[in-house]
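Undergrad: Respectively, the protein sequence lines represent chains A and B.
In this text, residue positions in the first sequence follow the working numbering: the first is 1, and each later residue adds one.
In this text, residue positions in the second sequence follow the working numbering: the first is 116, and each later residue adds one.
Treat the hints as calculated values from the structure; they're not laboratory data.
Model, not experiment: these values are computed from the prediction.
Glycine is no exception: its CB is placed at the ideal position from the N, C-alpha and C atoms.
Careful, some of the hints might be misleading.
Lysine to any residue pairs mimicking SDA-like chemistry, simulated, CA-CA at most 20 Å apart [claimed, not checked]: (1) K276(B) <-> L333(B); (2) K262(B) <-> Q68(A); (3) K262(B) <-> A16(A); (4) K262(B) <-> P71(A); (5) K262(B) <-> V65(A); (6) K262(B) <-> E24(A); (7) K262(B) <-> Y8(A); (8) K262(B) <-> L111(A); (9) K262(B) <-> Q109(A); (10) K262(B) <-> H35(A); (11) K262(B) <-> A28(A); (12) K262(B) <-> V102(A); (13) K262(B) <-> T104(A); (14) K262(B) <-> G100(A); (15) K262(B) <-> T57(A); (16) K262(B) <-> L114(A); (17) K262(B) <-> A51(A); (18) K262(B) <-> A15(A); (19) K262(B) <-> M90(A); (20) K262(B) <-> K59(A).
Rough simulated footprint, nothing fancy, chain B against chain A, three-plus residues with beta-carbon under 8 Å [to be verified]: (21) 12 to 24; (22) 43 to 55; (23) 58 to 65; (24) 82 to 95.
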Amino acid sequence: MSYTLLFYESQEDFAARTDPERQEAYLAGWTHYVHALREAGIVVFGSGLYAPETAATLKRRGGDVAVQDGPFPETKEQLGGIFVIDVPDMDAALEWAARGPVDTVEVRQNLPALK
Amino acid sequence: MESHRIVERTAREAYGRLLSYLTVRWRDPQDVEDALGDAFLSALEAWPKTGIPDKPEAWLLTIARRRLIDRARRVRVSAEALPTLLAMAEEAGHPSAPSGAEWPDERLAMMLLCAHPAIDPAMRTPLMLQTVLGLDAARIASAFIVKPSTMSQRLTRAKAKIRAERLTFEPADAEALPARLDSVLEAVYAAYGSGWDEAAAGSSGGSLAEEAIELGRLLLRFVPREPEVLGLLALMLHCEARRAARHDGEGNYVPLSGQDGTKWDRGLIAEAERHLHAASQAGRIGRFQLMAAIQSVHAQRLRTGRTEWDAIAQLYEGLVRMQPTLGAFVSRSAAVAEAYGADRGMALLASIPSAEVANYQPYWALAGHLYKRMHRYAEARSAYSRAIGLSADGAVRRFLTRQSDGLRMRP
């Protein structure tokens, strides 16, 4: 079964990525987590995402397309990265979510691939 | 204890007693739960007007039984009504059927029922927490890191099974009773373990550890001389005594060996020692007594100023033979390393099949520690990294990171 872990990061977390004083600790947290995930042999795909302010959001209203700067939606915590893992069930996926270096993780099961 | 917690505890105690009493007789925990829910609701409506009755529990019991009988009347399909009617007949014929004044405390029977072999072992603890202590499914789900709706479904299924298969608290074979009691102890210990992790994660609210100790004390009331019950309670109290010492002022995790003994709760330690001593009188050793004895040796550091690691290693030797779990193997390796050197500890650790430890955090934390002591720094860094990546507790992650950072400049 494949599940996607969506890691939400706070403004603080995003700032730590580029702050020389906190950058190393921030990256180390992810490095160890990714190490454990890879050694478990369950990773299907994983990637961090650039900060939300670099995002562009496309919205279609009626027939019109509007493109705006920034993420959707505008909330305090933003998607910072994802991991797709292959584990037996939601319990196991949540167990891995709990080990992540951020405070908010959403877990969803992946739909089977379209034929 | 603050007053609202006393009220909460009293209400929960009443709930657990009523639910256990009715379930043991009606054999349908879901129906009983609904009927009790109605009874509590009626109390909320009636008591403000009429005042709290002299015997609130008897009042609740009367209403709940009336609801159960009403419900049974409404069940049209005779096949479905039959088990209920049988249960009613049984209760009517029961010599101690309550007149409304006093009724037996059946919470031990309820705990035994929750630990029935037909109930999935993973669900025994959640079921016990819900029925005996009245905890809600959402709280139980968070403690076990399970999706709340999934936890609710599993609890419902377990209760449906009790009804459908007419499970009883007493094993058909009296010789199976000790094994059933052992499953109860296992379930209580699982509640303590989950509470321990939860507390480590920095939660300030009441953790499941307290609930587990409450269950342990309750068990002891029913079987005051059973050595393993005493052992389990002693074990939990010894661990609980160190709660305040597990974190320093800044919230950093402090491992047992580095803990300030003056922060240990001497009252709890004394209570644990009393129970362990009482257990030893039975002359029947068991795994919970062994685990409690190990914690007791650690506690002796308060008096002697040193930890008798060889005694601890010996106790783990016995524990591994009695209960060959991953946790026991890893802890034995740690004790042997302290008593006889890192090399011997590492040899034991390395003998554990690697497939079993891939995601077992304590294994990697210990491996990091031992490699470091053996000056094998590259391996130490790698093991610490695995341990950090497998930790669900931020304070533990930070502690391991500090340990690992100290190795950075080493070849």
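Undergrad: Determine for every hint whether it applies to the structure shown.
TA: Hints versus structure:
no. : hint                : verdict
1   : K276(B) <-> L333(B) : violated (26 Å)
2   : K262(B) <-> Q68(A)  : violated (35 Å)
3   : K262(B) <-> A16(A)  : violated (31 Å)
4   : K262(B) <-> P71(A)  : violated (28 Å)
5   : K262(B) <-> V65(A)  : violated (38 Å)
6   : K262(B) <-> E24(A)  : violated (33 Å)
7   : K262(B) <-> Y8(A)   : holds (18 Å)
8   : K262(B) <-> L111(A) : holds (18 Å)
9   : K262(B) <-> Q109(A) : holds (12 Å)
10  : K262(B) <-> H35(A)  : violated (26 Å)
11  : K262(B) <-> A28(A)  : violated (29 Å)
12  : K262(B) <-> V102(A) : holds (19 Å)
13  : K262(B) <-> T104(A) : holds (15 Å)
14  : K262(B) <-> G100(A) : holds (17 Å)
15  : K262(B) <-> T57(A)  : violated (31 Å)
16  : K262(B) <-> L114(A) : violated (27 Å)
17  : K262(B) <-> A51(A)  : violated (29 Å)
18  : K262(B) <-> A15(A)  : violated (31 Å)
19  : K262(B) <-> M90(A)  : holds (8 Å)
20  : K262(B) <-> K59(A)  : violated (32 Å)
21  : 12 to 24            : violated (count 0)
22  : 43 to 55            : violated (count 0)
23  : 58 to 65            : violated (count 0)
24  : 82 to 95            : holds (count 4)
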